[in-house]
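Since chain B is already given, all that's left is putting chain C on it; use the hints.
Going down the list, the sequences are from chains B and C. For the first sequence, the positions run 1 to 336 when our numbering is used. For the second sequence, the positions run 1 to 336 when our numbering is used.
Do not take every clue at face value.
Claimed, not checked - Okay, the calculated beta carbon distance ranges per label pair:
| id | chain 1 | residue 1 | chain 2 | residue 2 | range |
| --- | --- | --- | --- | --- | --- |
| 1 | B | P206 | C | T251 | 45 to 51 Å |
| 2 | C | P193 | B | R185 | 54 to 60 Å |
| 3 | C | T251 | B | P295 | 27 to 33 Å |
| 4 | B | R64 | C | E24 | 55 to 61 Å |
| 5 | B | A66 | C | S51 | 42 to 48 Å |
| 6 | C | E195 | B | G296 | 45 to 51 Å |
In short, the hints are calculated from the structure, not lab data. Where is the CB? At the ideal position from N, CA and C, for every residue including glycine.
Number of protein chains: 2
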Amino acid sequence: MTISVERLERWVAAIFRAEGLCEEHAGTVAKVLVFANLRGMDTHGVLRVPSYVRFIRVGDLNPRPAMVVRNETAACVLLEADRAAGPVAMQKAMELATDRARQAGAGVCLVRATTHTGALGYYTHMAAERGMAAIAFSSSTANMAYHGARAAGVSTAPLALAVPGEHGPIALDMASSIVSMGKLRQAKRSGTPLEEGQALDKDGNPTLDAEAAAILLPLGGAKGSGLSLLIECMTSLIAGNPLLAEALERTALGARHRQNGTVIALDLGRFVDPQEFRRQAGRLARAIKALPPQPGMEILIPGERGARTAEQRRRAGIPVPDAVLEELRNLMEEPA
Amino acid sequence: MTISVERLERWVAAIFRAEGLCEEHAGTVAKVLVFANLRGMDTHGVLRVPSYVRFIRVGDLNPRPAMVVRNETAACVLLEADRAAGPVAMQKAMELATDRARQAGAGVCLVRATTHTGALGYYTHMAAERGMAAIAFSSSTANMAYHGARAAGVSTAPLALAVPGEHGPIALDMASSIVSMGKLRQAKRSGTPLEEGQALDKDGNPTLDAEAAAILLPLGGAKGSGLSLLIECMTSLIAGNPLLAEALERTALGARHRQNGTVIALDLGRFVDPQEFRRQAGRLARAIKALPPQPGMEILIPGERGARTAEQRRRAGIPVPDAVLEELRNLMEEPA
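One chain only, chain B, in its complex shape (with noise of 0.2 Å):
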């Protein structure tokens, strides 16, 4: 079934509003789903929502968290989010960051204790909208496998980047691993194997088996761990609440749903005139556009699918599998 943008916006929200979400944060997280599920990434999307739900009832989500900002400095602040929604903490997160962008050049917003943050190539889009180059990274448990080991050591933490460009922002979304967590839930879900060298099962041996996977395997091996372990450094480390230590010790907190993000601004018009920039960017797309193509390959700039799913998805609505349109109903018919 396709639902329209605006109706499964309002489904969601109704269904945070439920969980005790006020109205405003119900719908920045209703927002940051359905973008998501609006640009094609629909592992990020409203499938989510159980989860994000069950965060609530389990005490992992703050449904009324007491944001406050601490640690400020002229281009930076910390942003302690109480366990905020992931999308309510980052949204205000990346706010920040360019309000210290406007005035410093660059600001930077480190983000203690919020949950999922969903796509994070949200609020880096956010931004480029606003006219800013920015990059956002955010930490969770662990649950790719770190090189060399049997077991998951890091999380798949993803890394966002975006800057305006001629007609919207070039923005690139990509995890540490070389699957996602949301995709390998689908491949499980539908029952496609998966690629070589894709993921674990349980006991650290390789498997094509989705089911049987467990532990997802980093980009390029050595790099994608080490991004991911740099991540936790630069978001947990830095706001002083490790994720990764937590759950390889096997703590009671390190058995919670977690995460930590770090978002980075950078106010461009500082130094180039915007104009150009995105002429200069238009210019660097159409000389990539333009290089000959790997046979039966479409050369695509990042965020030129995400836009062209979007322009469609707007007019023709989101395809929702009947099974997590079933979940949305259930949750919005249930008592809270």
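For chain C alone, kept in the frame of chain B given last:
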């Protein structure tokens, strides 16, 4: 033959002084190149000396640059590098970024118009030793396939991240290609065959023959080439000195050797007690190293192998292949 660090640095510095660099700049170039050898990244070490000398002689590298700082804001600065040797410009850039970070919490320095930056890890390592979390990336000309293309469209743009660790920095320095251009050159010299998915020949066909390999393949397909494209945007386009578009449009400027870079420093002491950060970094490293290993694999923290090699080579000297030694000797003897 193995040569002591001090002697190798002296030789390299003498070569660059003879090419017209001032004593300080020649020393910086020598230090950065020998650092790479010291840590086992021989592809970015003194074997680059002849190409740097060539850059000077054809006028791409300015031995007496008039570097100028402009676009100063509380957290940012642009270094107009005037075609300075990469190590000279990038070291200066990281100093400027860490100075800003001490004041503003975070500091960003864009480097406009430099040359081969050497091992980017040198600069992030330097910042980490000063208690900073640091990120650096740089863009170069098209030598890597854009995902889906049969031709080079982007550079093997490296990304380096470092934070202080318990016993020296935790430091990652990765190319956005599967193998670096330096490693490809090494394979060409030694005649070692490549692995599948690493490179294309000049016509855009996959090849395992290092000799025939002309175009590197991006790490993780669209991820690596997207990262490289975003790095070009976040260095060259913000600094107003496009590299890739010029190269792809085959302009006269596009044929010159040129690089741009961006460095970011974050004063982590503004958020967390630096001692506690190091303690937590050590705790995390221990938890990772305690994971069960894959058969025959050792679990290494980013920077650990380099630190180990450095300790060994500082004692025993740096092994320099005869061919490289011969080139260095010729350069020392011939009149500039």
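How the hints compare with the structure:
As the Cβ distance of P206/B to T251/C is approximately 47 Å, the hint placing it in 45 to 51 Å holds. Hint check: P193/C to R185/B, Cβ distance near 38 Å, so the stated range 54 to 60 Å is violated. In this structure the supplied range 27 to 33 Å holds for T251/C paired with P295/B, their Cβ-Cβ distance being about 29 Å. Between R64/B and E24/C, the C-beta spacing of about 58 Å keeps the proposed range 55 to 61 Å intact.
For A66/B and S51/C, the hinted distance range of 42 to 48 Å is not satisfied, since their beta carbons lie about 57 Å from each other. For E195/C and G296/B, the Cβ-Cβ distance of about 24 Å falls outside the hinted range of 45 to 51 Å, so the restraint is violated.
Hint compliance for this structure: hints 2, 5, 6 are not met, and every other hint is.
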